[in-house]
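One letter stands for each residue in the lines below.
Protein chains: 2
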Amino acid sequence: MDALVLRRGESSPTLVDRPRPEPAPGEALLRILRVGVDGTDHEVLTGAHGAFPAGDDEMVLGHEAVGVVADPNGTDWATGDVVAPTVRRPPPGGTNDFFERGEPDMAPTDATVECGIDGADGFMAEYVAVPGEFLVEVPPELAAVGFLVEPLSVAEKALDHAFAARSAFDWDPEAALVLGNGSLGLLTIAILDEFDRLYCLGRRDRPDPSIDLVEALGATYVDSRETPVPDIPTVHEPMDLVYEATGYAPHALQSVRALAPNGVAALLGVPEDHREAVDVGEWHREVVLGNRAVVGSVNAGPEHFRTAVDSLAELDESFLEQFVTTVAPVDDFEAAFATDEDVVKTAVEFGSL
Amino acid sequence: MDALVLRRGESSPTLVDRPRPEPAPGEALLRILRVGVDGTDHEVLTGAHGAFPAGDDEMVLGHEAVGVVADPNGTDWATGDVVAPTVRRPPPGGTNDFFERGEPDMAPTDATVECGIDGADGFMAEYVAVPGEFLVEVPPELAAVGFLVEPLSVAEKALDHAFAARSAFDWDPEAALVLGNGSLGLLTIAILDEFDRLYCLGRRDRPDPSIDLVEALGATYVDSRETPVPDIPTVHEPMDLVYEATGYAPHALQSVRALAPNGVAALLGVPEDHREAVDVGEWHREVVLGNRAVVGSVNAGPEHFRTAVDSLAELDESFLEQFVTTVAPVDDFEAAFATDEDVVKTAVEFGSL
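Chains as they are written, first to last, in the working numbering: chain A, 1 to 353; chain B, 1001 to 1353.
Chain B side only, calculated, beta carbon under 8 Å to chain A, not exhaustive:
no., residue
1, Arg1101
2, His1161
3, Ala1165
4, Glu1272
5, Asp1273
6, Val1288
To give an idea of the chain A side of the interface with chain B (calculated C-beta under 7 Å), a few residues:
no., residue
7, Asp160
8, His161
9, Asp170
10, Ala249
11, Asn262
12, Val270
13, Pro271
14, His274
15, Glu276
16, Gly281
17, His284
18, Leu289
Reference listing, derived: stretches of chain B covered by chain A, where coverage requires no fewer than 3 residues with Cβ under 8 Å from a Cβ of chain A:
no., segment
19, 1261-1271
20, 1276-1285
Since the hints were made in silico from the structure, they are not lab data.
We put the CB at the ideal spot given by N, CA and C, even for glycine.
Go ahead and model the full structure; you've got the sequences and the hints to work with.
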């Protein structure tokens, strides 16, 4: 069968032929429909993030998948069920408390592997075998966009944790700022409908399809070259929520400068090392005297995947049509890894319903 | 009546004679028993924190008070009730949403004044007039230590917010580190009884009464000169909770370095400006990939005061005897502002039950 892999020493995907997997007991065989591509995939390709499976010199790419059950193999699933696989699996040494209590997203990095990212094969193949417990049901009518369940789940988890961090008092947020007009930032804006005013920070020139999407979603586009994060409260307004989805290192501390009192910054990006001089006293004081919070969030749990399916069902069809700019058939997979400015969200198609 | 004030241009308290206040409608007249002294009072004296009441050149000091109702003046209180006043009041311009919904602790700094700290007279006087809604009942048997309700309330709020920030998943914390063996740090260790292992960071040489108290509470004393915060996970263990109660600026970011995955740092100290070079990328990454959180907390709401009364009732008497090293009568008030190494917690006594 076709599979897209990264080989050690290379920095772009290769289409290879692999044997169709035999599902082990507890695993269902999935026929993959589409697999999305995101910033993490590009970081995996450049080696900035992730690792090959132990002992392997290549890894099947892709962690944003939707597929259809081809062989339930004794699991609770039925042939034809449309499903999205979650990303984390127990490490080679065996399972642990985090997986046993259904919170793999809370496992420390050494207590998990991540399919297609860190230590385990991903989903860019015609067939994959997935333990039944790591599949989430997707309504068949969402099959074409089901690869968005995974990135949405990441946003749902970050928002879940950010709101939890403000649950000890009466928090009534009105303004949110998303840092980054990449695909995760745009998806997040699309689901932040409880906020009255939305802002999205980017550094692109018009005309740009992601800026068009920001504005179609009713959000204000903020060009970081004109208005750096710390200036946003004076130029626009202080934010109740800042959502960092770029991985630009200075944003972690700058986010607090954009927060209103009692606000929360949710950090999702994974930056490189970056040393700079910071007034840590002022930062500390703003966090304390303004009752502010910073919450880091990675991956997502099964509940967040289920919430993401609900959120996906509520997204506007015209948004989704503009948002998914490329669905490349597997023999034209390079198109899904393009990073041109007219690209918003891409996926590789391995099959159809 | 006697009152202890700070005069503009000075940096130590002065005992003055002031007229006994006439309670306005809605205010009860309180006869003050004892008022504690803490780090914030010393910051007020040096001018590092706080401000005089608008238009005044002196401010009555003290925000950690216990008193007895001398004249209910039509409020719901009864003569003889032992009470602790909360610290925040609406600003001169009038009340606002935060006060109206009973969360003055969540008011931004420009939407509140703080008695004895920032813009309003405090409680170091024989009598004070306090709106009935800003009083919390203290059992008469706790009258002698009721001035500890306020600092305990500050700890209760910070812990409330820290636990809320971890409420989106199954958090089972075991190890906590308190930065600072001052009076707030020690009180916090005394109420952190749900943790299996407690650590307290300080920079004092033995013999020292605060180190004795740390150890009497079953906690491990960590000398920051031997083991700086970032080394604590390797020398001791990674911490589920780090509680910053020193106001030492670099701690805000270092706290995260001492956290276990899924841990939370509660920041309470109020540092001066302090510029230093920091690897913000590494910090950002540790927050994200470890699902870590940082929560700032200032002041406390009426619920935290009530919880603090309960916590105070459960504190060991022998702890309290060792902890309160000085109760100075008002004509020897200087003793309560001493900062000798054998001082742990001090108070000024204005009267008795």
